[in-house]
Each structure stands twice: as structure tokens, then as C-alpha cells.
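Enquirer: Sequence:
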Amino acid sequence: MLRLCVTFLCLLYGVKTDPKETCPAFTVLSFGSALIGTDLEVKLMLYTRQNEDCAEELNSTASKYLDLTKKTTFIIHGFRPTGSAPVWIPDLVHLLLSVEDMNIIIVDWNRGATTIIYSNASRNSKKVAEILKKFMDEMLIHGASLDSIHMIGVSLGAHISGLVGQMFGGQLGRITGLDPAGPLYRGKPPSERLDPSDAQFVDVIHSDTDGLGYADALGHIDFYPNGGTDQPGCPPTVFAGLKYFKCDHQRSVFLFMASLKKSCNITAYPCESYRSYRRGKCTSCETFQPMPCPILGYYAHEWKSHLTKQSHPVTNMYFDTADEEPFCLYHYFVDMVTWNRGTRRGTLSVVLADGTGKKAESKVNPEAAAFQQYKHISLLIGFNQDLENVKRISLTFSTGSVVGPKFKLRILQMRFRSLSNPARPSLCRYDLVLTENAEQSFRPIPCTERRGAAPEPEPAITAEPEPEPEPEPEHKPAPEPEPEPAITAVTEPEPAITAAPEPAPEPAPAITAVTEPEPEPEPEPAVVTVTASGG
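According to mature numbering (1 follows the signal peptide of the UniProt record, and there is no 0), the stretch in the sequence shown is residues -17 to -1, 1 to 518, in order.
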């Protein structure tokens, strides 16, 4: 029948008619197949909004559902050492169709990817790219556009996408690499792996750079969740079995899917390294103006025009995530000045609370920092939920020491500002003393109000110069009318007045207390007063 189809219309409708035909399924193999190896076989399974729950297997562009006037997204899996089907495929298909009416083609090359010899699967990946190239050529003949093709490749699938893109001279619309495979590809030239030149826009998520993934940048924009290693919620040791090896690697897929659910947007920040990001040095996105900071996942293409016009084509983006879906964290930037005489090194844990009693706990605590006298320090702290009206903040300082004396951290001033919602007013606190491992709570105040209301750290300093011009008591013409103010200032005036006439030793202290020591004793009362009022 295909030979008789000479028009696209015929190709579109000249397909299966058997209503009893079962839905094609992804190839599932056994571990035994992995042991003996499998010969390459590629199946293309089409999903659209018209057949979202039942795939149509494509042998050519002849299809009941394939509409080449719409966007086409190819999903390509990677190495399958056990022969099982990727558990994330059904969810990814449904999520993509929920946000856009498109063709989705699952590239099932499980026969060829299932083997315990990774190099065999890598070798087969090049053949998969050639098969996809031929199929896309057929699509182009029948009206498809390279601009409307999006390839989503996982692990080896990312490099397959790159090879296909090279065959089309980098004219594919978009390639998304989800933790591109590292083994056998590290150090390889661009012609053998994914590269920014493989498509009009290439975005990459790196989640296992110290294991199965590729560490270096491979796209126009490269996202490194949690620095690209050791994803929260994944097993920390090999005792967890297979999950230890695949959890970090697969996290890139689940992060991409979370971006399709729109429950929250994960914002990423351009930075030279994850370490610099964690130290709060990279929270500005001025280079993207008038756009905001890029968001992770499906909608990253909205920054395409800016990213592809840069002289330096690669942008590395860093961010932290929670340990479970939707993976979002809400970040606060904390600026602090401490006044300990000696350096204190430790970490801060923070809990925010609103007026209803709802609490948000810091899920990503900052690295241990050195708190030095009068030295500004910045911390980036992530919370598991977003509180719009923060009414109370609780802090716990820890040095990590289990023996020895408990240290104190004296904070001269601190400011909290939301990175997730920059329009919200910053919150401040002045003159605070934290005892190690003891939680201290306080009510923050808007920083703008604080500035207008005579900041507390300064009164302790400016209160001293002002009393100096008050040597009016030295004008002994009027010491009698002013005893009452003097009494109030000294706090023990009456003994000073009665004792002054008789004992010679007592008057001297009384006189110095009223006239000269004001510059000396007053700093301590002033400091004490400020600290007490801030508590």
C-alpha cells in the first residue's frame, strides 16, 4: 500500500485498520539477554494527543497520527545493562503532551543497548544515529522542518542526538542532553559527542559528573544541580545496590520532568564554579537582562536568543535542589557582619516562620565559614518552602565540635533577602549573640524601617560623643537646679549628694561619675542597652 501512496495525504491516512490490534510496547529483555548481548534493532513508537495511551509503531512516515506540520520530539534512552524498560518514559510522554500538542517518537533501541559490555552499546549508538538520520530525511521529504525537531537524549542518547545533529549541519531546532554519558566520551573531539554546534539550541543537565555522566559543558547552557554530583535523596554508599549507581544519573530526567509540571520553577545562576555559587558570589543575572535568570528544563529555550548570540557560547548554571519532587528550593541571601575578637568557624541552620505558625527549614546549609571581626560574609541558604510573610527567624550556630567549650558568635548586623522573590523587602537584625548549638529566635524588622529609625549599632558609638559636650555640670553656677537630671543619668545620685560634703574620698568618685567618666563608663551601658533592646 505504501508504494501507491504518492501524496502526503495518502501517507497520513494509509495505515493500520485492524481495531483489535494491540498497542506496541517498549522492548523488555532479561538480564540473560544482557549477558549474551543483543543485536541492534530500532523501533520508533509514536504518541500524540490522539493516541496518548497507545503507541503507534512507525515503519515509515506513513501514519494515522503523525502530523508533520507540528513539532516532533524524539526521546532516546541510553545504556540498559539489565534489559528493563526505562521507568520514566510513560510519565515523560504524558507531561510533554500536557504542555504542547506535538508528535512524540520514542526511539526504542533496547536491543543493542542491553548488554553488560558498555563499549558494545556505545558502538551501537552510532548506528542508531544513522537510522534516525534516514527517518528524518523521509520526514523532510513529506513537509517536516528541522526547526521543529527537538531531540531529548538520556546518557548515550544525548550523544546519539549530537551525532544526528552533526549529520544535519547543526540545523536541528533543539537538543536536550540529560546527563550525557561520560565513559568513553570524556576527552573526545566534538565530532564524536554532543556539542553546542549540533543544533540551533543545546541545553544540558549534568547530575552525575563524578560517575556515569560527563563533567564538562556540552551545550549553549549547562545546568549543574547541586554541583552536578551527589544528588540529595540518593544513596550515599554502594550498599544500596543498583540504585546507588543510577539514582544520580537519572536525577536529570526527573528534574526535566518536574519542569513540565509547573508546580514551581527552578532558577539557576551563572557562575564559574559550584563552590563560588555556594559562597553567595553568583546571585546576579544582569547578563540576561531584560530577561530574569534562566529556569531549568523544558522552558530553557526561552533564553535561546541571548545564549546563542554570546561570543562565548557556553554558560554554566548552578543551583541547589530538594531531595524529592518537585525539587524546588527557595533561596535567601544572608549578609552578616560579626564582631568576635577571634575567628569563629562554623555553620548556620535557619528556620523561618510566618504568622500562622508555618515553618520553612533550611535544607541546604551553607559551607562552614570563617566569621571574623567586622568582616562582611555572605551565605546562600535554601528552604523547603516559600513563606511570604516571615515573622520570626531562628538561628543555630555550630562549629561541629563535640568536645571543648561552647563558642559564641556575636552578630553586629545581618540582612535576609529573598532570591526567589527579589521584590520582597529585606529583613534585618542587629546585635545578636548566638551560643553554639543553642537555637535563638527573634523577630526581624524590615531593613528600610531600620535605617529610618536610628540603627542600634550606631547609638553605641554616637552616644559617647554627645555626652562630651555636656560638661555643663562644670559650670558650677547651676549644679543645684540640675541635680535631678544628674541623678537620673548616674542612677545613684542621692548617695552622691549626701556623701559629697563629708568624706573626702567619696566626693571624688561622685564628681568623676558626674563630669568626666561619662565618656568612659557610658560605652558599656550603651552597648548593654542596645543588646537588651534587640533581644
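Quick caveat, the hints were computed from the structure, so don't treat them as lab data.
Watch out, some of these pointers could steer you wrong.
For each label pair, taking beta carbons as the anchor points, the in silico distance ranges come out as [what the hints assert, rightly or not]:
| id | residue 1 | residue 2 | range |
| --- | --- | --- | --- |
| 1 | I124 | E344 | 30 to 40 Å |
| 2 | K341 | K110 | 14 to 24 Å |
| 3 | G170 | K110 | 45 to 55 Å |
| 4 | S81 | P215 | 24 to 34 Å |
| 5 | K110 | S43 | 15 to 25 Å |
| 6 | S43 | T5 | 14 to 24 Å |
| 7 | T52 | G152 | 30 to 40 Å |
| 8 | D130 | G170 | 27 to 37 Å |
| 9 | E371 | I100 | 13 to 23 Å |
| 10 | H359 | T65 | 46 to 56 Å |
| 11 | E175 | H359 | 42 to 52 Å |
| 12 | S81 | Q356 | 20 to 30 Å |
| 13 | K245 | G15 | 34 to 44 Å |
| 14 | P215 | K391 | 39 to 49 Å |
Here the structure is a predicted model, which means the values were calculated and not measured.
Every residue, glycine too, gets a C-beta built ideally from N, C-alpha and C.
Enquirer: Check the structure against each numbered hint from earlier and tell me which ones fail, lowest number first.
Expert: 1, 2, 3, 7, 9, 12, 14
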